[in-house]
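Q: If you want the building blocks of each chain, they are given just below.
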Amino acid sequence: MDFITLVSLLRMELLLTAGLVVLLIYKIFYEGARDKMAGWFTVSVLLGTFLCGIFLPAEGGYFGGMFITGSLAGMEKSILSLGSVFIILFGRTWLENSRHELEFYLLILSVLLGMFFMISAGHLLMFYLGLELATLPLAALAVFDFNKSRSSEAGVKLILNSAFSSALLLFGASLVYGGSGTLYFPELNSAITFPASRGSSFLLLAGFSFLFTGFAFKISAVPFHLWTADVYEGAPVPVTAFLSVISKGAALFVFVAVLYRVFPLYSETWSLVTGLMGALTMVIGNLFAMRQGNLKRFLAFSSITQVGFLLVGVASASQLGHAAVLYFMLIYLFSNLGAFAVVSVIADKTGKETLSDYRGLYKTNPMLALALLVALFSLAGIPPTAGFFGKLFLLNSGASSGMIYLVIFACMNMVVSLYYYLRVVKAMFVDTSDDPIPHFNSGLPVKIVLACSVLGIILLGFFGGLFDYFTSLTFGLQ
Amino acid sequence: MISVPVTHILFVSFALFFIGAYGFFTRRNMITMLMAVELMLNAVNINFIAFNRYLYPGQLEGLFFSIFIITIAAAEAAVAIAIIINIYRRFKTIDSDDIDSLKF
Chain D
914 MDFITLVSLL
924 RMELLLTAGL
934 VVLLIYKIFY
944 EGARDKMAGW
954 FTVSVLLGTF
964 LCGIFLPAEG
974 GYFGGMFITG
984 SLAGMEKSIL
994 SLGSVFIILF
1004 GRTWLENSRH
1014 ELEFYLLILS
1024 VLLGMFFMIS
1034 AGHLLMFYLG
1044 LELATLPLAA
1054 LAVFDFNKSR
1064 SSEAGVKLIL
1074 NSAFSSALLL
1084 FGASLVYGGS
1094 GTLYFPELNS
1104 AITFPASRGS
1114 SFLLLAGFSF
1124 LFTGFAFKIS
1134 AVPFHLWTAD
1144 VYEGAPVPVT
1154 AFLSVISKGA
1164 ALFVFVAVLY
1174 RVFPLYSETW
1184 SLVTGLMGAL
1194 TMVIGNLFAM
1204 RQGNLKRFLA
1214 FSSITQVGFL
1224 LVGVASASQL
1234 GHAAVLYFML
1244 IYLFSNLGAF
1254 AVVSVIADKT
1264 GKETLSDYRG
1274 LYKTNPMLAL
1284 ALLVALFSLA
1294 GIPPTAGFFG
1304 KLFLLNSGAS
1314 SGMIYLVIFA
1324 CMNMVVSLYY
1334 YLRVVKAMFV
1344 DTSDDPIPHF
1354 NSGLPVKIVL
1364 ACSVLGIILL
1374 GFFGGLFDYF
1384 TSLTFGLQ
Chain Z
35 MISVPVTHIL
45 FVSFALFFIG
55 AYGFFTRRNM
65 ITMLMAVELM
75 LNAVNINFIA
85 FNRYLYPGQL
95 EGLFFSIFII
105 TIAAAEAAVA
115 IAIIINIYRR
125 FKTIDSDDID
135 SLKF
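Residue numbers (this note's numbering), protein chains in the order written: chain D, 914 to 1391; chain Z, 35 to 138.
Source of the hints: derived by calculation from the structure; they are not laboratory data.
The beta-carbon is built from N, C-alpha and C at its ideal position, and this holds for glycine as well.
There may be inaccurate statements among the hints.
Which bits of chain D does chain Z cover? Going by a derived footprint, with three or more residues having C-beta under 8 Å, they are [claimed, not checked]: (1) 936–943; (2) 1035–1044; (3) 1130–1139; (4) 1293–1304; (5) 1372–1382.
Sample of chain D residues at the chain Z side, in silico, Cβ under 10 Å [claimed, not checked]: (6) Ala-1080; (7) Leu-1083; (8) Ser-1087; (9) Leu-1088; (10) Gly-1091; (11) Leu-1116; (12) Phe-1342.
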């Protein structure tokens, strides 16, 4: 029963595809009607994939091994779906002013579909198709405010940079194909184990360097980060949140899987390079985050810094590091999306987004200020919040792989990052302003997001079984 | 039958790739930058087909990969040109030096 196997293995992808088809038909017949229904429909589809990935992950391969899924892939897809639910919920305030609400949901669903295929790829072709399916709609999302010049500029920067990095990735893939004669990940791994037998180690090594560079562009690690801040600032706030959490997360998951599964033989080299890139990324992210007055841009640079910390876990080249990356990604999702939700709703309701506007926010909007406080504490890694445990496990994995200097350096950067996170907190709670942001009702969807993210940030840190569960899902070098 | 050795074809593809990369970094017209990226993608196609033909003649993977690359490059160009047209409407130019409303 081949068809049944297909449906059961690709259940998350097919659910998303069905959602896409229904939305397209809805678009044809209800053109111009209010799209409230479509929003709730998209949220329920995404919640469906979220639950499906956690409780009913499929196990096995299809398309002759091009598509491989398992409980780890299911968990990663669930994390991405959950993040998209949050973004759609707090983006509603912004979407109400847009005439193209439905297209936003369509684009989000197709980006997620591409990411799902990318995560489940067992073959470089499937990986490339998933990557492009995730990239092209993302560029369309970045220009979503197409009447604003900043949004168009962000879109053109995103598409040109991602086209360039895709070309690098593909050139690497072609050289790897020349060196090994296969594009399947498991066979590539065994082909690399005996490079001398074919005399093709140069091609493989060159191909690997190109692939690595392409990935570094995608996760915006320094020195390949220059496009990031511009794109994040120009794009609409929900899209920026999507770029900084969901698309970074998907790229990192695949990066780890490819490094650990396909290129374990080069681990000494890539571990060193990833560690160095991580250190540079933290420093540059910190330096630029310090001098930002615009909250959106500040969050963009702080998310570059967080990628630097994640790279410590990647560089550790161990199962512990892999689990720590997954765990931190989940916590980072709650903290960063919580912070973006507050910034987004304030920008939509009042149009204010600079640090000086946030003075005295606690007096007028105490709940928003408290939610932002918890999210920022978690991003900074202050103990009672989950962000502390996420960073603890990342650094722990780095230390257990013997990268003591990198860990010390990362700790110093954590202290530096406290400065600019607390600067925002000080503005909200200590400073007073003659012209504070007036009190407003943020609406039910934003309240749901903030409640979920605050609960997630506080509970995830104390729920220790989760990390053990993630460790059982993940793998080290193979 | 094969008279051209694979190294010559690799030389062409590497040259094409780096000409593309050079063009991407030096040209300021966005359409030209897009064309430079297409050159890089064509270098990849040549690589795939040459490796497939010379080193692994029993397979079809390289050929299939290049067909997919051609298709996706077309989709990418469509999206990119749509965005560039939008840029032209906002800024009245497609010179990347003049599009600098975002700066740190």
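Q: Would you mind marking each hint as holding or not holding in the structure?
A: Against the structure, the hints come out as follows:
{"no.": "1", "hint": "936–943", "verdict": "violated (count 0)"}
{"no.": "2", "hint": "1035–1044", "verdict": "holds (count 4)"}
{"no.": "3", "hint": "1130–1139", "verdict": "violated (count 0)"}
{"no.": "4", "hint": "1293–1304", "verdict": "violated (count 0)"}
{"no.": "5", "hint": "1372–1382", "verdict": "violated (count 0)"}
{"no.": "6", "hint": "Ala-1080", "verdict": "holds (4 Å)"}
{"no.": "7", "hint": "Leu-1083", "verdict": "holds (4 Å)"}
{"no.": "8", "hint": "Ser-1087", "verdict": "holds (4 Å)"}
{"no.": "9", "hint": "Leu-1088", "verdict": "holds (7 Å)"}
{"no.": "10", "hint": "Gly-1091", "verdict": "holds (4 Å)"}
{"no.": "11", "hint": "Leu-1116", "verdict": "holds (9 Å)"}
{"no.": "12", "hint": "Phe-1342", "verdict": "violated (27 Å)"}
Of the numbered hints stated above, those contradicted by the structure are hints 1, 3, 4, 5, 12, listed in ascending order.
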